[in-house]
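Read off the chains here:
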Amino acid sequence: MKITNEIILSHGLKIDEYSKIKTLLNRDPNFLELGIFSAMWNEHCSYKSSKIHLKKLPVKNKYVIQGPGENAGVIDIGDDDAIVFKIESHNHPSFIEPYQGAATGVGGILRDVFTMGARPIALLNSIHFGSPENTKTKSLLNGVVSGISGYGNCIGIPTIAGETKFNRTYNENILVNAMAVGLANKNKIFYSKAKGTNKSVVYVGSKTGRDGIHGASMASEEFDENSEEKKPTVQVGDPFTEKLLMEACLELMKENSIISIQDMGAAGLTSSSVEMAHKGNLGIELNLDKVPCREENMSPYEMMLSESQERMLLIIEDGKEESAKKIFEKWDLEFVVIGKTTQTNNLVLKFKNEVVASIPIDALSSKAPLYDRKWNKKKVSSKKVDLKNLESIKFDEAFLKIVSSANHSNKKWVTEQYDQMVMGDTVERSGTDAAIVRIHNKDKAIAVTVDSSANYCKSNPKTGGKQVVCESWRNLIAVGAKPIAITNCLNFGNPENPEIMGEFAENILGMKEACEFLNYPVVSGNVSFYNGTNKKNIFPTPVIGGVGLIKNLKRIQNHRFKKIDSQIIVIGKTFGHLGQSVFLEELYSLQDGPSPEVNLTNEKNNGEIILKLITSGAINSVHDISSGGIILSLAEMSLSSGIGVKISKPNKISNIFEYFFGEDQSRYILEIDKKNYPKVEKILKDNGIYFQKIGITQNNLFELDKHLKISVKELYDINNKWYNSYNGFVS
Amino acid sequence: MKFSVIITLKKDVLDPQGKVVQQTLQNMGMDSLRNLRQGKYFEIEINELDEDKAKNIIEQMCEKLLVNLIIEDYKIKKL
Amino acid sequence: MKFSVIITLKKDVLDPQGKVVQQTLQNMGMDSLRNLRQGKYFEIEINELDEDKAKNIIEQMCEKLLVNLIIEDYKIKKL
Amino acid sequence: MNSAVIVFPGSNCDRDIASALTKLQFKNKMVWHKDTELPKSDLIVIPGGFSYGDYLRSGAIAAKSNILKEVIKSAKSGSIVLGICNGFQILIETGLLSGALLRNKNLKFISKDVNLKVVNNNNKFCSKYKKDNIISLNIAHNEGNYFTNKDHLKELEDNELIPFKYCNSKGVISNESNPNGSLNNIAGILNREKNILGMMPHPERMIDDLVSNTDGIDLFSSILN
Ligand SMILES: Nc1ncnc2c1ncn2[C@@H]1O[C@H](COP(=O)(O)OP(=O)(O)O)[C@@H](O)[C@H]1O
Ligand SMILES: [Mg+2]
Chain D
1 MKITNEIILS HGLKIDEYSK IKTLLNRDPN FLELGIFSAM WNEHCSYKSS
51 KIHLKKLPVK NKYVIQGPGE NAGVIDIGDD DAIVFKIESH NHPSFIEPYQ
101 GAATGVGGIL RDVFTMGARP IALLNSIHFG SPENTKTKSL LNGVVSGISG
151 YGNCIGIPTI AGETKFNRTY NENILVNAMA VGLANKNKIF YSKAKGTNKS
201 VVYVGSKTGR DGIHGASMAS EEFDENSEEK KPTVQVGDPF TEKLLMEACL
251 ELMKENSIIS IQDMGAAGLT SSSVEMAHKG NLGIELNLDK VPCREENMSP
301 YEMMLSESQE RMLLIIEDGK EESAKKIFEK WDLEFVVIGK TTQTNNLVLK
351 FKNEVVASIP IDALSSKAPL YDRKWNKKKV SSKKVDLKNL ESIKFDEAFL
401 KIVSSANHSN KKWVTEQYDQ MVMGDTVERS GTDAAIVRIH NKDKAIAVTV
451 DSSANYCKSN PKTGGKQVVC ESWRNLIAVG AKPIAITNCL NFGNPENPEI
501 MGEFAENILG MKEACEFLNY PVVSGNVSFY NGTNKKNIFP TPVIGGVGLI
551 KNLKRIQNHR FKKIDSQIIV IGKTFGHLGQ SVFLEELYSL QDGPSPEVNL
601 TNEKNNGEII LKLITSGAIN SVHDISSGGI ILSLAEMSLS SGIGVKISKP
651 NKISNIFEYF FGEDQSRYIL EIDKKNYPKV EKILKDNGIY FQKIGITQNN
701 LFELDKHLKI SVKELYDINN KWYNSYNGFV S
Chain P
1001 MKFSVIITLK KDVLDPQGKV VQQTLQNMGM DSLRNLRQGK YFEIEINELD
1051 EDKAKNIIEQ MCEKLLVNLI IEDYKIKKL
Chain E
2001 MKFSVIITLK KDVLDPQGKV VQQTLQNMGM DSLRNLRQGK YFEIEINELD
2051 EDKAKNIIEQ MCEKLLVNLI IEDYKIKKL
Chain S
3001 MNSAVIVFPG SNCDRDIASA LTKLQFKNKM VWHKDTELPK SDLIVIPGGF
3051 SYGDYLRSGA IAAKSNILKE VIKSAKSGSI VLGICNGFQI LIETGLLSGA
3101 LLRNKNLKFI SKDVNLKVVN NNNKFCSKYK KDNIISLNIA HNEGNYFTNK
3151 DHLKELEDNE LIPFKYCNSK GVISNESNPN GSLNNIAGIL NREKNILGMM
3201 PHPERMIDDL VSNTDGIDLF SSILN
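Residue numbers (this note's numbering), protein chains in the order written: chain D, 1 to 731; chain P, 1001 to 1079; chain E, 2001 to 2079; chain S, 3001 to 3225.
These aren't lab readings, by the way, just hints derived from the structure by calculation. Careful: at least some of the hints might be erroneous.
Unchecked claim - Pair by pair, the computed Cβ-Cβ distance ranges are:
| # | chain 1 | residue 1 | chain 2 | residue 2 | range |
| --- | --- | --- | --- | --- | --- |
| 1 | S | Asn3066 | D | Glu251 | 34 to 44 Å |
| 2 | S | Asp3158 | E | Asn2035 | 31 to 41 Å |
| 3 | D | Glu251 | P | Lys1064 | 45 to 55 Å |
| 4 | S | Lys3073 | D | Asp443 | 52 to 62 Å |
| 5 | E | Gln2060 | D | Leu553 | 22 to 32 Å |
| 6 | S | Lys3034 | D | Leu553 | 52 to 62 Å |
| 7 | P | Asp1073 | D | Asn187 | 19 to 29 Å |
| 8 | D | Lys562 | P | Asn1047 | 58 to 68 Å |
| 9 | E | Lys2002 | S | Trp3032 | 30 to 40 Å |
| 10 | E | Asn2027 | P | Leu1079 | 50 to 60 Å |
Said to hold, decoys possible - Derived, one-sided and incomplete: chain P residues facing chain S with beta-carbon distance under 10 Å:
| # | residue |
| --- | --- |
| 11 | Val1020 |
| 12 | Thr1024 |
| 13 | Asn1035 |
Yeah, the Cβ is synthetic: ideal placement off N, Cα and C, and Gly gets one too.
Can you make the complete structure from the sequences, with help from the hints?
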């Protein structure tokens, strides 16, 4: 087949990229080779637009065993235990087919984690939809949530935390990010690096079909009117097979048979084989006649680019093939030797006794294009929002409107579709600042959370990047965990647009600053560009997945009020920052003013003291203050416990809206037994921590001076209405 | 008027259910089984006497709710 | 030889899925809808040229695995 | 006491129930579905999960496995058999228990803690509970909507074959306190001889205050008794 410009472009390659291919090969590629290049050189696999920026992020602290660059990050949590985790996007497939897109997103991230020798112990997700009024939103919401639940429940890993948000910026491009967390023995971590020549390359798992051919390049393109037609065969998830694959891999890992292992994710057989060879500085030769196929007459092109799910590639020690095969047969899975490692440093593909492709590995990996794309610095607004210019509203009306809004309603409708208890170690489920999973049969645990703040990042990508890292840190602190490390999923628009590239570059700088200051490095992550349609890009939406360590399960905390007549205090300074707040968004549909700044010194000091107080057992409950300000945080504490509050505004700040809806950072609310209060007050003062007394807990009534008075029960009903009426079912 | 709707997965789309059912039958000794695919079936009765109109309504039901056109095909038949 | 198998819930068995689908369609404005029931559909290909024998094999598949005879009925058809 | 937990491809509460049994002093053995012999045991448990992906009908394929033939034999000769969630679905598919488990009435997977009333404790599984106790157990299923014909329902009610019914926190058994649409709020049933219990809620998830509560313990200690 003659390779025309049209064919090149339809593979998502630029003409100058094609010239580079010819130079690297010293000849024209054939059609199969072109397909392989397109898969490896697209944004999703090559990180060509993001790499130079990602390098700036800190990736190490004393806990990190493996940073970015492997299937997932690994941290040390003591006693030979290691936690393996990563987050990944599945945005475009989920927009096309929400159930299968979300399901296969969960499946993909799980493979990244058990590939490294870890048994997955928790799933999280961050899902962003368009505005609820948008005609597509309802079915996307239903499809995505049931896809996540369908896959996670079936494979038997608890889905215990996440976030569900609505914003018109996602009307034509939803976000579905899934995170998996696994537990491994730190001396038995498995990597993708191939070692030794002439070793067997083994294909295991499901058969290969024509699914998702070009899925990776689709993830690297904008949507347009024609996307529907360009649609490849949709990948269907098979959680049952994944469960078998997981058990078989974990069983095989107990023996010393595996040299290296890599899941087949985006760009399937191509990227997995190239990755293994590249890391090991070797070549690889595959005999495509051996690839187990689901359909008849599959071509080498289809086999190499298929994104069929639930498959893995292994390199096995000499003489271990038979015993390894037995394990996969026990689990009714394919196990076929399809090739070997070589010295050539080439990817060589044979089919029907002919060499059908031969490409130097480095041409596909280290020599792939890298771009330092042009980027513009954001012009940031610094004009403070003036309430005088807004139509006036009564405080209680404003509050109830927010509590009943799509974004701030109780998310039980979502979380009750997820099995949160399977595996028997879920100490805190969804609904808390961070979920907690016990390490099986031990007295320690990890805390996990995912967070994002698109509005803040849109208005000021740098501050936003800082803020979202701090929010993640704060959520872990609030349950009594020491924050250890993060994974991030960077969902952005089109990087060829200098404004968007600027959002990305500055966002990274902000994240870097916070991660460094808090000693909270990035150990894995994923970049998803081209989120948008026809030049309309989504708000920059970095999603942070945080993991913290709890050494002693007797010293944990949550945000549920425990008693009436305890003291309530706010830690951290309240200036009344309303820029980019929920208050403006929900009540005035305004995204206005600057994002809240984070003072990293205060963040760190406040957090460390909270952790100390939790460990000392001196407080009854704690909650971080995030979107919606003090009043929303108080409401969440009341709603989850049934206990009310009697609150007054401290005199200093004049405006009640600013004080209670303001979104200043680095703050927490504490509930303290009156008898413990003097002790806590002393600790805070001795450490120079700013705090204010704002009221006490009381029976039943949620009350703020003369501005608000409602029973907690009534508040609960208001908070629980939205999802059920939107979806039209009552459960 | 009463219709049946048969919904099947498109040809190249993976059918995990069908696969497992087929394997189970083969394990049970049904050696002659060559291929099995699973689909959905609906029996729908509507108050409409004009056959063309009725068919049209059923078609709408399929396109708007019953069928996932991205991965499924359907066939309507009058009963 | 290729057959289709249609499996439906017996008349007196509650069909929660059909019921919800029916309600949803009605909520979507399909007023003429009178009744809807959901079932399963299989397409099965076997290596057997004798039609009677083939049918017999399919029947066995139904009775032994595909159908829960306590709550379901089935129909076999040659394609 | 010896127990055996049957493991199918796709079972995923097998480890949980094994941990619970061990913690509560059972000597437990895991039994792979391809095995053809049951170890000597006083209690056979069929755990929750998605055996064979819940494909075709939940429980249908597992019910045809080798080991189930042995379980059926053993059950018919009086062994104590407990099926939880998917295990209940499997017992129904084998015919050891009658009726059907249909899709939840809202067609969604439901995972939450629910209240149950111990409506009958006159059996080997519930003797440690007091009659009319209200306990809270976790459910997590897609198909737990119990259905059966009138005659069988009457038999279940008349012969104290329903140990648990869904209720609210005050013990009221009503439509509102019925999570999945089960007939008469039935959460579990016994066979006529009362040696086989199938139930949708997960007692093995409720044996530890740190993760939930301890309302499930009495079920296991009743069996030990
Ligand atoms: N998609 C989801 N999956 C799992 N848990 C979720 C999901 N969406 C929301 N949650 C849970 O609901 C709770 C409230 O969510 P959210 O309002 O976003 O929390 P916050 O504002 O404290 O970050 C959190 O505990 C979160 O873990
Ligand atoms: Mg929070």
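Check your understanding: Can you name, in rising order, the numbers of the hints this structure does not satisfy?
Key -> 1, 4, 5, 6, 7, 10 and 13
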